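Colleague: Next come the chains, spelled out residue by residue.
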Amino acid sequence: MSAPTHTGVVTGRTWLFPDANINSDIILPAAWAQVRTEEEQMRFLFKNYRPEWIDQVRPGDIVVGGKNFGTGSGRPCAPLMRKAGVVAVVADTINDLFYRNCVNAAILPLECPGVSTTVSEGDIVMADVLEGRFRNTNTGAELPGAPVPPVLLDIIAKGGLIAQLRADGLVR
Amino acid sequence: MGMTMAEKILARASGSARVRPGDVVVCEVDMAVQLDRSFAAVEPAKVARPDHVALVMDHSIPAPLVLDAELQRRARDFAHTFNIERFFDVGRHGIAHQVIIESGLALPGELLACGDSHTSASGALNVAARGLGSLEMISVVCTGRTWFRSSPTVKVVLHGELPKGVYGKDVFLLLADKLGSVEGHDVEFHGEAIASLGLDDRATIATMCTDLSANFALFPADDVILEHARTVADRPFEPVEADPDAEYADTVHVDLSELVPYVAKPDFFPHNTLPVSRLDDPVVIDQAFVGSCANGKLEDLRVAAAIVSGRKVASHVRFIVTPASQRVYLRAVQLGYVAALVEAGAVVTNSTCGACFGGSMGVLGKGDVCITSSTRNFKGRMGSPEAKIYVGSSATVAASAITGRIVDPRPYAQNAGVL
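Taken in order, these protein sequences are the chains called A and B. With my numbering, the residue at position 142 of the first sequence is 142, and numbering never jumps. With my numbering, the residue at position 69 of the second sequence is 1069, and numbering never jumps.
Source of the hints: derived by calculation from the structure; they are not laboratory data. Keep in mind that the hints are not guaranteed to be accurate.
Stated by the list, open to error - Derived DSS-like pairs: lysine-lysine, alpha-carbon spacing no greater than 30 Å straight-line: (1) B/Lys1155 / A/Lys67; (2) B/Lys1265 / A/Lys67; (3) B/Lys1366 / B/Lys1164; (4) A/Lys83 / B/Lys1265; (5) A/Lys47 / B/Lys1155; (6) B/Lys1366 / A/Lys67; (7) A/Lys47 / B/Lys1164; (8) A/Lys83 / B/Lys1178; (9) A/Lys158 / B/Lys1046; (10) B/Lys1388 / A/Lys67; (11) B/Lys1164 / A/Lys67; (12) B/Lys1366 / B/Lys1388; (13) A/Lys83 / B/Lys1155; (14) A/Lys47 / B/Lys1046; (15) B/Lys1046 / A/Lys67.
Claimed, not checked - Which bits of chain B does chain A cover? Going by a derived footprint, with three or more residues having C-beta under 8 Å, they are: (16) 1033 to 1043; (17) 1127 to 1135; (18) 1143 to 1155; (19) 1179 to 1190.
As the list claims (entries may be wrong) - If you anchor each label on the Cβ, the simulated ranges turn out as follows: (20) A/Gln56 / B/Arg1230: 55 to 65 Å; (21) B/Val1066 / A/Thr137: 46 to 56 Å; (22) B/Lys1265 / A/Gly114: 39 to 49 Å.
What you are looking at is a predicted structure, and each value in this text was computed from that prediction instead of being measured. Just so it is clear, CB atoms sit at the ideal spot from N, CA and C, and this is done for glycine as well.
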């Protein structure tokens, strides 16, 4: 069961993807669309880039990225990462489309310039999208990040867009 | 302080007096375009404004897998349940961004959202058009609205005139070289060179801006756009102009007069493009592709057909042509382009996104080298992550299909009388 993100603050173990422009084909290769269930689709996450990652990631983990993380298509990278257990993406910059897909999937997105060079994989970090704070508990380093605007925090607080749509009776 | 084109559209759509970069506004979306795969995760129980929703079957048409057939059935059920009139089912379909332009699904000054990242295409029509995730699109369809965070804008001023043998795709590839990534920004086009770009070339440029990570990409509504809009409009519309005192994060001047055919090398676009003539070693290809929302238009098929006419595709090359819509396909048949292509040894498929995203109709295998006029060259985009994707204009692709390696198309275009 994934750690809750509705408070806007999480602490978890990091997975580091420091390269700039980690794109949607790297995160979720095209073949994802050929299988039916989210459980099966999830298996394609980083399949050609870090094929072992999907078996290593655990609920509550945090992905740390470089610049323009998530650039490319609007395919469901964020919902599937959430399903795999990721609760936050902290990156030097986050591509705008990927950012909104994180919000909708109740993954906390924190833009935090320079973060990718201050984290070693496996570090336990804290991300706070209310105040815009990042702390690496292993090194003690703190970095300022961009708080998530209140109207978007609302979506996260409700558990993401599907949860909100269901609660409002808008989807079957 | 004045507003940019996108800021004005967001302001109108959200009922705000003004919008500045960083503002988060909730907008009524003038047109929400759903696609064949849009109902995979959830299905709407309510639709706020069915008259502001369209459904276009495009990505995997006709269905290559049972799963696709089932998802398309779900899409069809949605259209029938909610009486979606603007429903472009298989047979009257096309790639969404082509259909949007052909059928006036968005008009100058409007706000459009669609579950595909190349939705920026309609910016050519002075439309604020944005790609969203499919989950968010369900929300837009159910509620009629969504939020946008206004971005700072890069103003791109195009000078001079587009030379012969050089096309919208080459303009984009030049921008990729000069601008690089504009992540977090909108792009707004100005300048006298716009008059030398037809609607199709502007649509190519607007489509491709997504691959420089642009948010909105907007062109002004000049006579070319207004004339097109009037022929397809079924409702009044009001174009937007940038205010003379609108604020821009940056202004870049680009002269098109000396532009030559360009190519993008594999994996990404920003600062990864160069004139074809400057490729170090001959790039031998296995596959050539003309298609996609960017470059599957009638003009692309015309130029490709003219270049291959009377010649043969190189024996080691597969040349695949996928028209952007049924309408383009039919005109191409009527005008003889399809016959010329097939006689040369090209495969002309039905209209769909298809090979562009590695879905169907010509995916790439390990070791394949492809020159394409489609939208994206990420590793694995068109199939195997061990294939290499180069991107150029449809003319460049066609000339390369004949010679079997990536070449400057202008001598071939000249011989074919299309220069």
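Colleague: It remains to establish, for every hint, whether it holds in the given structure.
Modeller: We went through each hint and held it up to the structure:
With a C-alpha separation of about 22 Å, the suggested pair B/Lys1155 and A/Lys67 falls inside the 30 Å cut-off, and the hint holds. For the given pair, B/Lys1265 sits about 21 Å from A/Lys67 by alpha-carbon distance, which is consistent with the 30 Å threshold. Between B/Lys1366 and B/Lys1164 the CA atoms are separated by roughly 36 Å; this puts the pair beyond 30 Å, and the hint is violated. Only pairs whose Cα atoms come within 30 Å are accepted, and A/Lys83 paired with B/Lys1265 is rejected, the gap being roughly 35 Å.
Proximity of A/Lys47 to B/Lys1155 is assessed by CA-CA distance (about 38 Å); at most 30 Å being required, the pair is judged violated. Distance hint between B/Lys1366 and A/Lys67 is fulfilled; the C-alpha atoms sit about 29 Å from each other, no more than 30 Å. For the suggested pair A/Lys47 and B/Lys1164, the alpha carbons sit about 43 Å apart, so the restraint of at most 30 Å is broken. A hinted pair counts as satisfied when its Cα atoms are at most 30 Å apart, and A/Lys83 with B/Lys1178 does not qualify at roughly 39 Å.
Between the alpha carbons of A/Lys158 and B/Lys1046 the distance comes to roughly 20 Å, so the proposed pair stays at or under 30 Å and holds. For the hint pairing B/Lys1388 with A/Lys67, the CA-to-CA distance comes to about 24 Å; that is within 30 Å, so the pair holds. Under the criterion of a C-alpha separation no larger than 30 Å, the hint pairing B/Lys1164 with A/Lys67 is inconsistent with the structure, at around 38 Å. For the given pair, B/Lys1366 sits about 9 Å from B/Lys1388 by alpha-carbon distance, which is consistent with the 30 Å threshold.
Simply put, A/Lys83 and B/Lys1155 have alpha-carbon atoms about 40 Å apart, too far for the 30 Å limit, and the pair is violated. Proximity of A/Lys47 to B/Lys1046 is assessed by CA-CA distance (about 37 Å); at most 30 Å being required, the pair is judged violated. The straight-line distance between the Cα atoms of B/Lys1046 and A/Lys67 is roughly 38 Å, outside the 30 Å bound, and the hint therefore fails. Against chain A, the segment 1033 to 1043 of chain B contributes 4 residues with a C-beta closer than 8 Å to a partner C-beta. That satisfies the three-residue criterion, and the hint holds.
Using a Cβ-Cβ cut-off of 8 Å, 5 residues of the segment 1127 to 1135 of chain B lie near chain A, which meets the minimum of three, so the contact claim holds. Counting residues of the segment 1143 to 1155 of chain B whose C-beta lies closer than 8 Å to any C-beta of chain A gives 4; at least three are required, and the coverage claim holds. Chain A is given as covering the segment 1179 to 1190 of chain B, and this holds because 3 residues of the stretch bring a CB closer than 8 Å to a CB of that chain, at least three being needed. Between A/Gln56 and B/Arg1230 the C-beta distance comes to about 58 Å, which sits within the given range of 55 to 65 Å.
The beta-carbon spacing between B/Val1066 and A/Thr137, approximately 48 Å, falls within the hinted interval of 46 to 56 Å. Checked against the hint of 39 to 49 Å, the pair B/Lys1265 and A/Gly114 fails, with Cβ atoms roughly 29 Å apart.
In summary, the structure is inconsistent with hints 3, 4, 5, 7, 8, 11, 13, 14, 15 and 22 from the numbered list given earlier, while agreeing with the others.
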